[in-house]
Amino acid sequence: MNEMIAIFRGALTLDTKTFDDLKASPAAFRKGFTFLLVIGLITGIVVGLVGMIQGLSTNPATEIAQARQGLEQTMGQFMPPEAAAQFLDSLNMGMRIAERVTQEAKSPLPHPVGVVFEQIGVMVSYPFGWLGSLMFYGALVQIAAKLLGGRGTIAQMLGLTSLTVAPYILSAVAVLVNAIPFAGGCLASLIGLVEFVWGIVIYVKGTAVAHEMTGGRALMAVFLPIIVVGLVSVLALVPFIILIVAGSGGR
Amino acid sequence: MNVLSEYLNLGLGALFLQEETFNKMREDSRRVFKGFILIVLVGAIVAAMAIVGKALEWSVTPDLSNLKNIVLEEMQKTQWFQSMAREPRAMQGFRQTYDLWWQIFGSMFGVNMLGVVLNVIVNPITLTIRWLVYGVVAFIFARLLGGKGTLSQTLGCTALAVAPEMLKVAQVLPYVELGGLAIWGIVCSYIGVKTASRLSPWRAFWATILPFIALIGLVILFACIGGFAASSLLRLAGGGQ
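Same order as they appear, the protein sequences are chains A and B.
For the first sequence, this note's numbering begins at 332 and goes up steadily by one.
For the second sequence, this note's numbering begins at 302 and goes up steadily by one.
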C-alpha cells in the first residue's frame, strides 16, 4: 500500500525517480496495472455509490411526469401547432410505454435490487474502461515510439503509462461536485479538464522514461497516432471532395 | 491443488507480461499440453463464474415478451398506426420489422440463461480452436520472417495469450464490462511469438499482426464471393419470372 501511495505521489508530481524505478522493476507492468486497478476502484466506488443513492431516491413515475411536463412546455413554445399535434401523439405513446413499463413489467427481484446490481457493475467496470483506452492507445504509441528510436518494451510502456490515471481520482470529487445546483456542472467540467491535461503530461513523461527519449520526441510519439489517423481521414476524403467539386463545376 | 496453483502462476506470469514465463513455456517439454490445459481451465472457470453474474442480472431484468406487448399495445393507440393498419401489406411489413427488432433487442439486453450455462462447454472449445488456428498461422508467418521456433514452441507460447481472459472472473458480479482484454491478448501473443521464434521486435510484430490481416482479407474475400453469388442467384431468379 505504501508503494502505491509513493507511486501516486510520484506520478502526480512527475517525479523522475518514481518513473525510473518503475521502468527498472521487472514487474513494471504488474505494478502499473495494480495502480490503475486501485485508482479505478476507488473512483468507481464513489461514482457507483452516488449513482446508487440517486437511483434509489428517485421515483420513476415522478421522473416520467416531470419529463412529460418539460417536453410539453418546450414543444408549445417552439413548434407550429400541426407539428406539435403529431409530436404530442408520439410523446404520449412514449410516456405511456414508460409508465406501463415501470408499473407492469416486473422482474423476479424488485427494482431497487436492480439499481444496486447495476451500480456494482459500474464500480467494478470503472478501471477496465480506462484500461481499454490505455491498452489500445498504448500499443499505437509503442509502435510510434519504436519508429522514433525508442528502446522500451511494451510491458514497460504500458506499466509506465498506467500512471496516467493518477489525476483521474479527481473524477470521484467531480461526481460529488456535480450534485451541487447551478455551479456544480461547471466545476465538474473544470475538474475534468484539469485531469485530462494532467493525464496527458503524465502520459508523455511515462513514454519519455519508458523509451529513454527526450520530452519532445515523446510528445511526438504520443501524438503521432492521432496525426496519422487525421491525415489518413483527410486523404480518404480528398477523392470525394474532388468528385463534388468536379460535379458542381460541370453544371 | 499444486497443479491448479502451477497453472494459476503460469497464467498470472503471462497476464503481467513477464518474459520469464514465456521463456519457461518455450523450454517446457509438455508445452502444448500445458497450454491446452490452461486454455480449457480458464475457459471453463470464467464461463462457470459468469453463470452467477448472469443469474443475478436475469433476476432484475423485466420479462421481454411482456415489454414487447406493452410497446405494441401503446403503438396501436396512435393515429399513425391506425392509418397504417388500413393497409394490409404495410401491416405485414411492420409486423416483420417489429419482430426482428425485438429479436435484436432481446439478444442485446435479455439474459439467455441456457446460452450462459452452455458456455461452460462452448467457451473452452472456442478458445482452443482460436488458439490452434492462430498458433499455426502465426508459426507460418514467423518462419517466413526468419523465426527459429518449432510449431510446438509457438503453440505453447501463444497459448499464454488466454491469460487476460482470467480477469473475466470479475463477471461473477452482475453488469461487469471488461474493456481492453482483446488488445491485452494481442500483446501477450506478440510476446509469445517473439519468445517462441526468437525474432527481433519488428519481425515479431509483423508475425503477430499478419494472421489478423490475413483473416480480415479472407473475410472480405468470402463476403465478396457470397455477395457475387447472391446477386447472381437474384438475377437468375429475376430472369426466370
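Some hints could be false.
Said to hold, decoys possible - Calculated Cβ distances over 10 Å to all of chain A for the following chain B residues:
(1) D364
(2) V421
(3) L522
(4) A538
As the list claims (entries may be wrong) - With a cut-off of at most 30 Å between alpha-carbon atoms, the simulated DSS-like pairs for lysine-lysine come out as follows:
(5) B:K378 <-> A:K437
(6) A:K477 <-> A:K348
(7) B:K325 <-> B:K449
(8) B:K378 <-> B:K469
(9) B:K469 <-> B:K335
(10) A:K437 <-> B:K369
(11) B:K335 <-> B:K325
(12) A:K354 <-> B:K325
(13) A:K477 <-> B:K369
(14) B:K449 <-> A:K477
(15) A:K354 <-> A:K477
(16) B:K325 <-> B:K469
(17) B:K469 <-> A:K354
Calculated from the structure, these hints are not laboratory results.
Each residue gets a CB set at the ideal place from its N, CA and C atoms; glycine is no exception.
How the hints compare with the structure:
no.	hint	result
1	D364	violated (7 Å)
2	V421	holds (22 Å)
3	L522	holds (22 Å)
4	A538	holds (34 Å)
5	B:K378 <-> A:K437	holds (23 Å)
6	A:K477 <-> A:K348	holds (23 Å)
7	B:K325 <-> B:K449	holds (16 Å)
8	B:K378 <-> B:K469	violated (45 Å)
9	B:K469 <-> B:K335	holds (21 Å)
10	A:K437 <-> B:K369	holds (13 Å)
11	B:K335 <-> B:K325	holds (12 Å)
12	A:K354 <-> B:K325	holds (23 Å)
13	A:K477 <-> B:K369	violated (54 Å)
14	B:K449 <-> A:K477	holds (23 Å)
15	A:K354 <-> A:K477	holds (16 Å)
16	B:K325 <-> B:K469	holds (25 Å)
17	B:K469 <-> A:K354	holds (28 Å)
When the structure is compared with the earlier hints, violations turn up for hints 1, 8, 13 and for no others.
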